[in-house]
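Number of protein chains: 2
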Amino acid sequence: MTILDGRAISNKIKEEIAQEVIRIKELGEKVPHLAAVLVGNDGASLTYVGSKVRSCKKIGFESTLIHLPEETSEEELLQKVEQLNADDTIDGYIVQLPLPKHIDEEKVLMAVHPDKDVDGFHPTNFGKMALDMETFISATPFGIMELLKRYEVETEGKHAVVIGRSHIVGRPISILMSQKGKAANCTVTLTHSRTKDIKALTLQADIVVSALGVPHFLKADMVKEGAVVIDVGITRVPDETRERGYYITGDVDFENVSKKASFITPVPGGVGPMTIAMLLKNTLLARKRHRSKAD
Amino acid sequence: MTILDGRAISNKIKEEIAQEVIRIKELGEKVPHLAAVLVGNDGASLTYVGSKVRSCKKIGFESTLIHLPEETSEEELLQKVEQLNADDTIDGYIVQLPLPKHIDEEKVLMAVHPDKDVDGFHPTNFGKMALDMETFISATPFGIMELLKRYEVETEGKHAVVIGRSHIVGRPISILMSQKGKAANCTVTLTHSRTKDIKALTLQADIVVSALGVPHFLKADMVKEGAVVIDVGITRVPDETRERGYYITGDVDFENVSKKASFITPVPGGVGPMTIAMLLKNTLLARKRHRSKAD
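Chains E and P, in that order, give the protein sequences.
If you're matching positions, the first sequence starts at 0 in numbering that gives the first Met the number 0 and goes up one per residue.
If you're matching positions, the second sequence starts at 0 in numbering that gives the first Met the number 0 and goes up one per residue.
Accuracy of the hints is not assured; some may be wrong.
Identical copies carry no separate label here, and so any pair may be met within one copy or between two of them.
[Unchecked claim] Pairs of lysine to aspartate or glutamate, EDC-like flavour, derived with a Cα cap of 20 Å: (1) K24 <-> E73; (2) K223 <-> D196; (3) K56 <-> D41; (4) K179 <-> D205; (5) K195 <-> E153.
Read the hints as simulated data drawn from the structure, not as lab findings.
Everything numeric in this text was worked out from a predicted model, so none of it was measured.
Based on the provided sequences and hints, a complete structural model is requested.
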């Protein structure tokens with residue numbers, strides 16, 4: 000059994016990007032610049048955004064954190080988005096989700112210019128991904144694909160069962176894994192809340208991707224011997240014995256499933272760390288496209 | 000066993016649209032206007048485009064056929080596309096595929112303004128479809144969904160196996176059928192050329208959608224008793240005994256599969272006729288959106 004060590008791989012990717020930033024500087028060119036917009040003070044969001052900004056600094060990117068108050072109106076946020084679209088010094092930016100309830104998320108995501116949408120959430124980028132065109136692939140599915148590639152997990156002709164049809168994980172990973180190309184060419188079954196017998200399907204799977212957000216949903220009796228198991232669930236379980244008041248757990252009963260799996264991602268330390276690395280990769284990509292457009 | 004009669008349903012839909020056109024005229028408003036661009040003289044393309052234009056006339060739409068010579072350059076075609084984007088009298092248009100080899104299809108489809116892209120091929124529209132937003136759904140998958148709805152075929156929680164991952168049928172129908180909503184909520188398995196044991200999967204399927212283009216690929220021993228069978232394959236088989244020199248056949252061994260199926264589409268007369276009806280529906284939709292924008 001091999002642990003798919005997302006922390007190690009993400010560090011490697013960050014190191015590769017940092018090397019590229021050094022070359023960019025040597026050429027006297029502008030380094031990639033990522034901006035992040037955060038509205039309000041949601042704890043998890045503060046942590047995520049903070050981590051993204053710190054990662055930028057570490058690898059030599061410029062970064063800008065735009066922290067707006069909880070009571071920011073939709074119109075004010077849309078104005079900020081327009082400013083970021085027009086700001087030529089910024090290569091890519093993200094609007095951290097979730098947004099406060101009084102703001103229409105779809106409207107805001109639609110306003111982000113696709114060329115700066117390093118989260119890959121804009122329909123134009125999502126459509127390009129689904130049609131196998133060059134685009135920004137959103138960080139979580141992109142990270143899963145990269146993990147499979149780096150560990151040279153065999154995927155061609157394998158049956159992958161994806162649990163969960165969210166727009167940010169289940170749907171895109173089900174599309175990517177069934178496309179032609181490396182770490183892909185799988186037969187993919189997408190399951191969700193209305194699926195009648197998930198166990199009957201996961202038991203057939205060579206690869207299981209669980210993106211449900213239900214702790215310990217995937218038990219050992221649901222996977223076959225030798226399966227590849229990708230755990231995308233990240234749930235904060237309240238725990239008063241811990242200093243921060245919670246612990247992080249995944250969808251997979253790791254202790255028991257890992258005994259049957261050929262490859263498995265841990266939580267934490269699996270898919271999670273990959274997402275920041277892929278966001279940085281997208282930002283580097285945005286910088287390159289931005290530059291070649293300016294030429 | 001019930002035949003999913005695409006010809007009858009498409010006539011019904013056209014009749015509904017024709018009624019709406021009458022109302023539009025009574026209000027003194029502009030009727031929907033569809034333009035079709037055809038480059039060259041491919042036999043099948045001429046037939047398809049001719050049929051689309053005739054259908055427009057029958058239901059009271061305006062239509063314009065722009066027939067360009069085979070030797071039209073990519074630049075000339077892109078100029079035509081820009082003209083159509085700018086032409087306020089045209090609500091929607093299609094560029095008939097395939098284009099001659101010297102023209103980059105992707106470049107042309109990317110140039111069609113999403114608001115006029117009634118074929119739903121532009122990445123922005125494809126992405127909106129995949130993200131369950133309002134858009135133009137391309138005619139073939141849209142037609143399949145409509146057939147399932149009109150016959151009230153139960154789909155929720157059913158296992159649908161789609162054969163073929165093309166961008167115009169397999170991929171979009173696999174997405175649509177797995178979304179929330181009517182005629183959807185299926186567990187969907189997408190199979191393709193690299194799938195190892197298609198039969199093992201189709202035998203589990205409550206619904207099989209075959210979009211492969213291989214005559215009589217799906218045999219009776221590949222489907223379970225009571226399955227719903229949707230045949231999207233349209234292959235012209237050369238046949239000198241026929242006046243036009245060929246006959247049309249589907250992916251499904253209809254004679255034998257129909258004995259096991261609960262619902263089945265014939266070829267011809269199943270999914271085929273639905274596509275034109277849905278193109279007209281998209282054009283009506285384009286007219287409505289166009290008008291509400293002008294208000």
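Results of checking the hints against the structure:
Taking the shortest Cα distances, K24 and E73 never come within 20 Å of each other, neither inside one copy (38 Å) nor across copies (39 Å). Taking identical chains as interchangeable, the C-alpha atoms of K223 and D196 lie at most 20 Å apart whether they share a chain (15 Å) or sit on different chains (17 Å). For the identical chains of this complex, K56 and D41 are neighbours neither inside a copy (23 Å) nor across copies (57 Å), given an alpha-carbon limit of 20 Å. Taking the shortest alpha-carbon separations for K179 and D205, only the intra-copy value of 18 Å comes in at or below 20 Å, while the best inter-copy value is 26 Å.
When the C-alpha separation of K195 and E153 is checked against a cutoff of 20 Å, the pair qualifies only between copies, where the shortest distance is 14 Å, while the shortest distance within a copy is 29 Å.
Consistency note: the structure conflicts with the earlier hints numbered 1 and 3.
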